[in-house]
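Order-wise, the sequence lines are chains X and U.
16 is the number of the first residue of the first sequence in my numbering; add one for each residue after it.
1120 is the number of the first residue of the second sequence in my numbering; add one for each residue after it.
None of these hints come from the bench; they were simulated from the model.
Since the model is a prediction, treat every value here as computed from it, not as a measurement.
Hints are not guaranteed to be accurate.
[As the list claims (entries may be wrong)] Computed list of lysine-lysine pairs in DSS-like fashion (alpha-carbon distance at most 25 Å, straight line): (1) X:314 - X:298; (2) X:298 - X:343; (3) X:298 - X:317; (4) X:343 - X:355; (5) X:38 - U:1277; (6) X:70 - X:38; (7) U:1187 - X:70; (8) X:70 - U:1183; (9) X:298 - X:355; (10) X:317 - X:355; (11) X:70 - U:1277; (12) U:1187 - U:1176.
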Amino acid sequence: MNCQEVMELMQRQLDDDLDESEKAVLMNHTGQCPDCAAMFERLQLLSAELTSLPKVMPSYSLVDAIMPQLERIELFGQPETETEPSSAVNTAEQVSRRAKRERRWPSVRIMTGVIAAGIVAGLFLVTYKPGMSPDFSGAAQFAANEAANSEAAGTADEAPQELSFTLKTKENIDSIDTPKVGTEAVPKQDSAEEPSSIMNRAESDEKAMPTSGNSDASTGNDKPAAEQSEAEAKSLADGGESNSTEGSIGKEDKNGYGIAADNAALMAPNGQYSAQAEDFTLKIFTVSDQSLIFTSPRKNGKLMNLSWSEDSAQLTYEVHVEQGAIEKYVIDMASLTEQKAVH
Amino acid sequence: MVEPELIRAAQSGDRDALITLLREIETHVYRTAYYILNNEQDALDAAQEALIRIYTKIGSYEEKAQFKTWIQRIVTNICIDKFRRNKPTVSIDEHDMVFHEKQNVEDEVMSAYAAHDIRAAIDKLPEHHRAVVVLRYLQDFSYNEIADSLDLPLNTVKSYLFRARQQLQTLLHDYQKGGVRG
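Assemble the whole structure, with the sequences as input and the hints as a guide.
Below you can see the structure in the form of structure tokens.
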């Protein structure tokens, strides 16, 4: 029997686990092997010391200490198993642990904030554009239908107004979205987006208002309004692309009339005529019976910036030909003749 | 030893019997916690937690197991969880304290030093080895009772206990060579 095997016998002897024959083997070996004898002595000393470890008692009655918790359990049933017994030190530990956790938090909070902002901005981008556009064209079509219905009914100024509003809003959305997609920094998008969309909304409100004023002026006959809305619906159906509206805004603000879309009808201030740019020609209708009273010669450029004089005696418009040249024309309503304006 | 009648009364809903039972076992529960956690405050917390758990789970005790191994299983589980959570912060401080005292306080009673040495040595054992030693020497449990309490195979209990004693012996032998003990 080697010393390693004797070691197990020593260990078991400490626990009174040896029978008589095993004890004899152990004694036999330790009698001949001083190393094992010394080891056995030390182990016996250790075991005696372990046995004589102080039989500690709690410094207060634990059952009394937990009695309030036990009563709560009686009243409210099972406690949370993880409930820590209340004690000053423990609470202090928990507080410090919590404090440690909170110290780590700010960076996490910032990160989650940034991520959340990114997600919100991303959702906004994704849902705003494709989500809203179909809605708007749908609304435009609905409005157009209603306008057509109102032709028969002879009332309802509101549908065209709504249509022009929705049309404008859509244009604005397009114009917002296009530059936004290219922008890379998320926070930038956020900050750039908010004011511009507000501004655009304000603009479209402004533009919508004169239209309703116009409709009021044409009381008793809503045909032009209906046509106007049809024209707008057409422009939407043509792909919803807004024809450039730059420049027209200033004029509209000046005379307070008009619709930004260039091939939409523009009502004269006196409510008798409506002018419309259509396929490189300008047409003027009477509001009363929708008859075509003037058609301009075909122009080789885009007709833009239709504008009535305040007394409704003249209609001016611009033809934007290639290479950025602009020709200006004036139509005299009294003679229904067109002249190239002198710059 | 807790009377089986008291356990049955407590299990059948006699709240006074249950409180009496808890009073009888609280010292045993605390002692195990004290030597596993090597810290009085942690031991008080763990023992209270164990008593509350015994109070709420008394209905799940089955008589085929020994009651004393059942309660020791509860308290050792709580202590080992707690020990794992506290280990990095607590044990280092404890070691510092022990060695500090050893170097500077020469007139202390020798047996107290021995207890300190043994506690410091126990504190160096892995958690399950420590629990085996505590149940063997503080609860006077047999191999089988330790195996039941810790839900370990009998051979594993023996192996843990033997290795733990060997390691403790080595540690204490080093302390003795250092001339601290007579």
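Here is what the structure says about each hint:
1. X:314 - X:298: At roughly 12 Å apart (the allowed maximum being 25 Å), residue 298 of chain X and residue 314 of chain X satisfy the hint.
2. X:298 - X:343: 16 Å, holds
3. X:298 - X:317: 14 Å, holds
4. X:343 - X:355: Measuring from Cα to Cα gives roughly 6 Å; hence the hint holds.
5. X:38 - U:1277: 18 Å, holds
6. X:70 - X:38: Answer violated: residue 70 of chain X to residue 38 of chain X is near 30 Å, above 25 Å.
7. U:1187 - X:70: 17 Å, holds
8. X:70 - U:1183: The hint is violated at about 29 Å.
9. X:298 - X:355: Status holds; Cα separation ~16 Å.
10. X:317 - X:355: Given pair residue 317 of chain X, residue 355 of chain X holds - Cα atoms ~15 Å apart, limit 25 Å.
11. X:70 - U:1277: 24 Å, holds
12. U:1187 - U:1176: 14 Å, holds
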